[in-house]
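Visitor: What follows is the residue order along each chain.
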Amino acid sequence: MDIQSCVEVRNEWDIVSARQLGRNMAKELGFGNVDQARITTAISELARNIYLYAGRGKICIEPIDQLGRKGLRIVALDNGPGIREIRKVMEDGYTTSGGLGAGLPGVKRLMDEFSIESTVDVGTEISATKWLR
Amino acid sequence: MTAKDALTERYQDLLSVYLKAKTETTLYKGQQFSRKLLEQQISPEDLVSLHIQVMDELFPDMSEEMRDSFDFLLEAMIGYGFAYREHQSLRDKQQQLESEIEVAASMQQTLLLSDVPDFDELDIGVVSVPAKKMNGDYYNFVKSGSSLSVAVADIIGKGIPAALCMSMIKYAMDSLPEEQMKPHLLLENLNRVVEQNVHSNMFITMFHGVYEPESHKFFYAGAGHEPGFIYNAKEDRFHDLIAKGLVLGVSRTTTYHPYERVIEIGDMVILLSDGVTECRTSKGFIEREEIVSLIRKYMDLPAQQIVQNVFQELDRLQGFELRDDFTLIILKRMV
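Line order of the protein sequences matches chains A and B.
Quick note on numbering: my numbering labels position 44 of the first sequence as 44, and the sequence is numbered without any gaps.
Just add 133 to the spot in the second sequence (first one is 1) and you have my numbering.
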């Protein structure tokens with residue numbers, strides 16, 4: 001399956017579009033209401049990070065099917081400043097936006113799989129997957 | 134039936150009973166149910182989802198607005214779920230840290246453990262209790278030849294940094310040559326080690342003494358350490374055991390003054406850390422005279438029982454909450 005859809009993130013309204021895209025796909029794939037809410041929240045967080053720290057980037061949502069195991073993957077891409085200390089941002093309590101338990105560690109906990117790659121002055125790519133149970 | 138199905142069923146039962154009768158009993162059961170939810174790490178949004186599911190079954194004709202409002206509630210609960218999961222992960226981390234500290238503390242205990250030696254002439258009593266898990270006080274006895282040396286040290290600071298520093302002191306002392314057991318020289322040596330190796334915001338106070346049974350003399354020197362006491366049996370009086378000197382680690386060139394004093398039969402040398410004199414009661418800091426009168430109260434007992442009784446009384450006076458590491462040593466000349 002290769003039906004990736006993306007939303008450009010440049011302003012706060014684009015966060016809503018990204019959420020909508022994710023929710024539609026999550027619903028279609030058969031995720032329950034709690035998981036839908038978790039997936040859209042993860043999208044919100046990732047999109048907000050792009051909007052706040054990179055200025056612009058995109059959120060792509062794709063359905064995945066690995067040997068019959070179905071799921072949904074969120075990919076957040078930007079060409080922003082990159083993250084100097086990934087280990088730090090993945091620590092609980094380290095947040096620049098004052099969120100309660102939110103931020104990247106929060107996203108990681110909401111989803112089943114999480115990976116992050118970032119190069120300073122080049123950009124960041126975060127990918128997070130939720131499997132359908 | 135999965136755990137989740139069981140929870141759903143239980144919740145449905147409780148809710149339908151409550152909706153029919155609205156009794157306090159059912160509410161109480163609801164409260165107990167929430168404890169079970171927490172035990173099973175059910176997050177807030179899961180509970181809302183459970184509620185929606187049950188309401189759907191109980192009221193298939195629920196109005197669409199009501200149904201939609203639940204979805205909205207679910208979304209609004211997500212933030213609490215975030216916070217809840219962070220709390221769990223921080224709690225796990227805290228437990229991990231605590232068990233690491235536990236291991237470090239027991240390692241420190243083994244490292245710093247100093248056996249109280251058998252020494253024919255002296256009856257020796259020691260109590261050393263950390264305020265937190267790790268002890269920033271240090272005491273050490275070494276028998277060398279016929280004489281006995283005793284050291285008490287206190288790191289200004291508490292907890293892990295103090296404990297790490299203490300371990301260094303122990304090894305520095307162990308590696309000093311034995312002929313340098315003269316207290317003031319030993320302090321000068323240690324002072325150089327501390328000055329070189331310990332961060333300048335950390336200070337160590339220390340008292341070091343050597344008892345020579347041939348001359349019955351007690352040689353001693355101090356580096357800013359809380360003065361102990363000498364009990365003079367002939368006069369039946371306690372005197373301060375003053376040994377002036379700068380705390381360790383301030384300046385590389387500090388020198389220490391040698392003191393000596395003859396110890397007669399029945400006399401006692403009492404060494405302590407400032408955790409003893411800084412015991413705080415509701416009336417404020419305890420006075421040195423109060424410590425003296427506590428020692429006097431028990432002074433006919435063996436040395437170990439004196440220090441233990443004094444510790445117990447001071448501990449009780451402070452409501453069993455030590456504010457600082459507590460070390461008290463008594464040497465009593467018997468023959």
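Read the hints as simulated data drawn from the structure, not as lab findings.
Because the structure is a prediction, the values reported are computed rather than measured.
Glycine included, every Cβ here is placed at the ideal spot set by N, Cα and C.
Do not rely on the hints blindly, as some may be mistaken.
Below, a sample of chain A positions facing chain B; criterion: calculated Cβ distance under 7 angstroms [as the list claims (entries may be wrong)]:
1) Arg23
2) Leu29
3) Gly30
4) Asn33
5) Gly106
6) Glu117
7) Thr119
Visitor: Going through the earlier hints one by one, which of them does the structure break, listed in rising order?
Guide: Hints 1, 2, 3, 6, 7 are the ones this structure does not satisfy, whereas the remaining hints hold.
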